[in-house]
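**Student:** Next come the chains, spelled out residue by residue.
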Amino acid sequence: MRETYGKVLPGMDLSHVSGKLIVIEGTDGAGRTTQIELLKPWLEELGHAVLDTGMTRSTLAGDGIRRAKEGVNLGRVTQSLFYATDFVDRLENEIAPALRAGFIVLTDRYVYSLMARAMVRGADAQWIRSIYSVALKPDAVFYLRLGIEQLVPRVVFTRGFDYWESGMDLYPGQDMYESFCNYQAVLLAEFDRLSEEFKFETVDASADARSVFSQLKAKVLALLENDSRKQFASMLAMRANGGVMPKAEEDAIAAAARKLSVTRDLELVSRPFAARTPSENGNGHSAIQNLKP
Amino acid sequence: MSLLHKWLQSRGYGVVFSEWNSSPLVKDTTKLGKKKKLLTSATFSLIHSTDFADRTERSILPLLKAGAVVLCDRYMYTAFARDVARGMDREWVRDLYGFAVQPTVAFYFRVPLETAIGRLLDARDGFKFYEAGMDLGLSDDAEESFRLFQGRIIDEYEKMIPEFGLTVIDATLPIEIQQTRVRQIVKSHISNTTELRMQP
Chain X
1 MRETYGKVLP GMDLSHVSGK LIVIEGTDGA GRTTQIELLK PWLEELGHAV LDTGMTRSTL
61 AGDGIRRAKE GVNLGRVTQS LFYATDFVDR LENEIAPALR AGFIVLTDRY VYSLMARAMV
121 RGADAQWIRS IYSVALKPDA VFYLRLGIEQ LVPRVVFTRG FDYWESGMDL YPGQDMYESF
181 CNYQAVLLAE FDRLSEEFKF ETVDASADAR SVFSQLKAKV LALLENDSRK QFASMLAMRA
241 NGGVMPKAEE DAIAAAARKL SVTRDLELVS RPFAARTPSE NGNGHSAIQN LKP
Chain F
1 MSLLHKWLQS RGYGVVFSEW NSSPLVKDTT KLGKKKKLLT SATFSLIHST DFADRTERSI
61 LPLLKAGAVV LCDRYMYTAF ARDVARGMDR EWVRDLYGFA VQPTVAFYFR VPLETAIGRL
121 LDARDGFKFY EAGMDLGLSD DAEESFRLFQ GRIIDEYEKM IPEFGLTVID ATLPIEIQQT
181 RVRQIVKSHI SNTTELRMQP
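Protein chains in written order, with my numbering: chain X, 1 to 293; chain F, 1 to 200.
Everything labelled a hint here was simulated from the structure, so no lab data went into it. Hints should not be assumed to be uniformly reliable.
Computed cross-link-like contacts, PhoX-like style, restricted to lysine-lysine with a CA-CA straight-line distance of at most 20 Å [said to hold, decoys possible]:
| hint | chain 1 | residue 1 | chain 2 | residue 2 |
| --- | --- | --- | --- | --- |
| 1 | F | K128 | F | K34 |
| 2 | X | K69 | F | K27 |
| 3 | X | K217 | X | K40 |
| 4 | X | K137 | X | K199 |
| 5 | F | K31 | X | K69 |
| 6 | F | K128 | F | K31 |
This structure is a prediction, so every number in the text was calculated from the model and none was measured.
Could you build the full structure based on these sequences and the hints that come with them?
**Tutor:** Below, the structure written as structure tokens:
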């Protein structure tokens with residue numbers, strides 16, 4: 001059963017949300033988009049259906065937010081709520097349906113970035129947490145962490161400073177560089193706090209993109225293996241207890257497990273279970289439970 | 001509302017009117033959502049709170065600080081009633097509007113459901129999709145859906161009267177009587193506030 005951070009939206013059925021929700025978080029310029037561009041084809045190559053999503057990509061509010069940010073009269077509360085609208089539209093129409101269909105959802109930022117941005121702008125922590133209490137808890141949050149000293153050259157030599165990324169709405173009297181440094185420093189501190197609270201897995205984003213990708217691949221594989229192991233073990237337990245799982249479902253679980261090589265240790269026990277009847281088998285369930293990581 | 005506005009102006013008060021769903025930054029998104037039927041209960045709630053936030057930040061709050069009388073045609077209570085009638089969590093919606101300015105006085109013009117339906121049918125040709133709560137699938141018939149949806153909304157308003165101390169005006173009475181009552185109450189509140197007077 002998938003969980004939320006407290007509240008459940010009307011019509012949001014949490015009982016068959018079998019896909020994986022993987023969040024890539026980090027400040028501006030930490031390389032999130034690059035990593036998602038690398039992770040997606042790699043996961044597809046492994047045979048997974050993948051949906052990637054990110055902020056302001058909703059059909060409902062994406063264009064409205066971009067238009068509102070063209071000017072400089074977007075207030076702090078309005079900004080937070082516009083982004084919340086965009087997030088919930090994607091949650092209901094993209095993320096949840098994809099997870100229900102068994103997809104891996106890779107999301108470029110999640111509610112944590114939205115909370116961090118709101119809080120450095122003075123939002124009440126309880127207020128913003130209450131809004132995002134409807135968010136689904138992800139399976140993993142990989143936090144690409146980059147210090148200010150490494151972030152500045154990345155921004156300077158790529159897209160340059162931008163009004164909102166520099167937090168000019170917060171530091172209007174400063175030049176864009178000063179404002180950028182101040183804004184990103186407070187954002188980083190907020191991310192570090194959220195990282196503790198929501199148990200992010202931190203990845204050092206100062207290394208080159210390939211090396212960050214290798215670290216992420218290892219973490220994603222561990223997550224998928226763990227999940228596959230659990231499914232495979234529960235399939236064996238069901239068999240051992242005389243239960244019948246639809247053949248297509250069994251085949252899918254076995255194929256995924258073989259692909260991720262998680263069957264090696266479990267196959268040893270699967271053979272005797274397959275040969276025995278439930279009555280011969282005794283308490284097969286607890287035997288399987290012991291195999292869980 | 002229009003009569004109150006004119007009366008306050010005639011007495012020299014700086015009066016500003018703020019209408020529900022009118023933020024220049026947000027209203028196009030709301031329109032798009034309604035036209036293409038993209039809105040769910042949650043995004044309906046959020047986009048209206050975004051509109052209200054923009055009006056609060058850019059208009060209502062600065063004007064109040066300047067000493068103006070701000071008249072709002074609908075306020076957060078409209079959202080509380082509609083969004084909860086659409087299935088949103090009561091506490092979540094109240095938290096969402098935690099940024100709203102507490103009004104000096106909030107009037108609730110109460111009419112029985114049948115009177116409301118009759119007035120709306122007289123004034124226009126049918127109901128709009130979201131206005132009738134057609135998104136909830138209560139009934140395929142717009143009028144029946146409107147009836148069921150508005151029934152839920154009225155229930156929510158009734159609960160809010162003691163919760164927020166709403167001032168109830170019997171909207172079945174003649175307009176002149178309603179207006180006299182409203183003016184008396186407004187007068188008792190604004191006499192003690194900082195006033196922004198109209199320039200002669």
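**Student:** With reference to the structure, classify each hint as holding or not holding.
**Tutor:** Hint check:
no.: 1; hint: F/K128 <-> F/K34; result: holds, 9 Å
no.: 2; hint: X/K69 <-> F/K27; result: holds, 15 Å
no.: 3; hint: X/K217 <-> X/K40; result: holds, 11 Å
no.: 4; hint: X/K137 <-> X/K199; result: holds, 12 Å
no.: 5; hint: F/K31 <-> X/K69; result: holds, 19 Å
no.: 6; hint: F/K128 <-> F/K31; result: holds, 12 Å
Checked against the numbered hints above, the structure breaks none of them.
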